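Q: Single-letter residue listing:
Protein chains: 2
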Amino acid sequence: MGLLRHIEAVNRWDPARFRPLVLGERRVGRIRHDFAPLLAAFPAVFAVETDRVRLRPDPAEPEALTAAVALATRRLVADGAIPNWRGEWFDVVAGDDEQALFRVDRGALPRLGMRAAGVHLNGYVRRPDGIHLWIARRSPDKKLDPDKLDNMVAGGIGAGHGPWSTLLKEGEEEAALPADLLARAHPAGIATYVMEREDGLRDDLLYLYDLEMPEDVVPRPNDGEIADFRLLPATDVLALVRDTDRIKFNVNVTLIDFFVRHGILRPGDPDYVAICRGLRR
Amino acid sequence: MGLLRHIEAVNRWDPARFRPLVLGERRVGRIRHDFAPLLAAFPAVFAVETDRVRLRPDPAEPEALTAAVALATRRLVADGAIPNWRGEWFDVVAGDDEQALFRVDRGALPRLGMRAAGVHLNGYVRRPDGIHLWIARRSPDKKLDPDKLDNMVAGGIGAGHGPWSTLLKEGEEEAALPADLLARAHPAGIATYVMEREDGLRDDLLYLYDLEMPEDVVPRPNDGEIADFRLLPATDVLALVRDTDRIKFNVNVTLIDFFVRHGILRPGDPDYVAICRGLRR
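Keeping their order, the protein sequence lines are chains B and L.
When you line the first sequence up against the working numbering, it's residues 286 to 566, in that order.
When you line the second sequence up against the working numbering, it's residues 286 to 566, in that order.
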């Protein structure tokens, strides 16, 4: 089945089907053409033009902007045009900028084609027979990607938070890891992609972290999001990524990045150069 | 001065100034428009057309192709149109393909805009106060980039060789490292760039390797290419990359990649996302 298919899958979208969502002159999202008419029902919030959708409220008043967009998107959730209200604020940014402009509910991000940032932590153990990875299995009753395999710790970065504080919070909540161990994690780069899904776009920026785990620490499910954890040889995880769809769509990509950085995937492997290039396109 | 300037510097070239060099229907290089007329002097080898230059010899006969191009480029060296004959064969490939099509002398690669592959090895020591890097200083009488700082080991991949055998050879020749130590190096990804220089294009694919060095092994100059080696705190090397031009142009990039992978450069550092994106563009 191959590795490159996962990188291609998360980079599949058709720009011709979307128009930019702008605040002032800055792009903050992308609206699918067939969704734009639904935004026209809120003329005080969205100005729907043929080649773009403009946010009407004053950019200099982020609180008013947040409230206006929340009002419109709540109505769209009630109408079934946005799948669900998550009750988690996310910061809205322009392009790769990190400056928060206002806030929207996490559930509205795909429909508005807005950037979502998250953290993914690879927990690994060095053994004489090679690197092993702690792999989580998502709870079978999770709404998104139930039962799929996942990184040891992963989570979205809520409004007002950065990657590091999110990592510490999720590591405790999801895997019951002690704070002094999590503090030894180190950043290892990013993965980015834009992917078209049923409900709009996933425009994701994932901050990647590595944590070498001592043999005697075992992550355990703590908040019902994760069913169990297993420690697997990295080469077995590579085979799962290559040959199955057991792993959550974007975790395939964070794992491939780990395999490249740690030399588990090597020059001479099929598509090595294309895989390395694809990881940060 | 900043880090991003190094990534921008190695990605600076103007496609409008070049036309493709093709073998059959495959692009194997890029010819600057003002250099194309010089190739017209060898009509049995190069067909100079307005929108491309075609290699005339039969692609199915790589030895004849190699000999024909060598004859032409040797003449261009004699005429001063190609700076020098290096006496090192490099494999010619199409795009990211690894399949060798024929061979040219290393000195002719920039003028023909052909891909050059190399290996760069980061040698590092883990200490309680953080990662330290072995940094080489190039010999002051080296023709290219004399006296500049360099990775512990680096070298071009000659025809018929792969990255791994090149790493073992250069590690012994340049730094007198024992083979059993070099065997513990692991691949960690690639860096690629296309850069316009006086003498044409550098279209480089660098295979990156990391090697954790024991405290008691000291690399030493072995073949006159390197003047000396110094072990520096990685944060000091980061400052050299950021604030000076002491380091060889492309080694700035391989070091930035190392800083990202090992968390010496962190989210929140200026341009973090742009730097990560730029490394593999």
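Treat the hints as calculated values from the structure; they're not laboratory data.
If you're wondering where the values come from, they're calculated on a predicted model, not measured in any experiment.
For glycine and all other residues, C-beta sits at the position ideal for the given N, C-alpha and C.
A hint or two may mislead.
[What the hints assert, rightly or not] Simulated coverage check for chain L against chain B, where a stretch passes if three residues somewhere in it have a Cβ under 8 Å from a Cβ of chain B:
1) 445-451
2) 463-477
3) 498-510
4) 521-530
[What the hints assert, rightly or not] From the derived model, a few chain L residues whose C-beta atoms are all more than 12 Å from chain B:
5) 304
6) 380
7) 382
8) 422
9) 431
10) 495
11) 552
12) 565
Q: It remains to establish, for every hint, whether it holds in the given structure.
A: Cross-check of the supplied hints:
With 3 residues bearing a CB less than 8 Å from a CB of chain B, the stretch 445-451 of chain L meets the requirement of three and the coverage assertion stands. Counting residues of the stretch 463-477 of chain L whose CB lies closer than 8 Å to any CB of chain B gives 6, so the stated coverage by that chain holds, three being the minimum. Check result for the stretch 498-510 of chain L against chain B: violated, 0 residues qualifying (beta carbon to beta carbon below 8 Å, three or more required). Only residues whose C-beta sits within less than 8 Å of a C-beta in chain B count toward coverage, and the stretch 521-530 of chain L has 0 of them, not enough to reach three; the restraint is violated.
The claim that residue 304 of chain L lies off the interface holds: its Cβ sits roughly 24 Å from the closest Cβ of chain B, which is beyond the 12 Å cut-off. The Cβ of residue 380 of chain L sits about 10 Å from the closest Cβ of chain B, inside the 12 Å cut-off, so the non-interface label is violated. Residue-level check failed: residue 382 of chain L sits 9 Å from the nearest beta carbon of chain B, not beyond 12 Å. Listed as outside the interface, residue 422 of chain L is consistent with that label: its C-beta sits roughly 27 Å from the nearest C-beta of chain B, beyond the 12 Å cut-off.
Non-interface status of residue 431 of chain L relative to chain B is upheld: no Cβ of that chain comes within 12 Å, the nearest being about 30 Å off. Non-interface call for residue 495 of chain L relative to chain B: violated, since the shortest CB-CB distance, roughly 8 Å, does not exceed 12 Å. For residue 552 of chain L, the non-interface assignment is contradicted: its Cβ lies about 5 Å from the closest Cβ of chain B, within the 12 Å cut-off. With a closest Cβ-Cβ approach of about 4 Å to chain B, residue 565 of chain L is found to fall inside the 12 Å limit, against its non-interface label.
Violated hints for the displayed structure, listed by number in ascending order: 3, 4, 6, 7, 10, 11 and 12.
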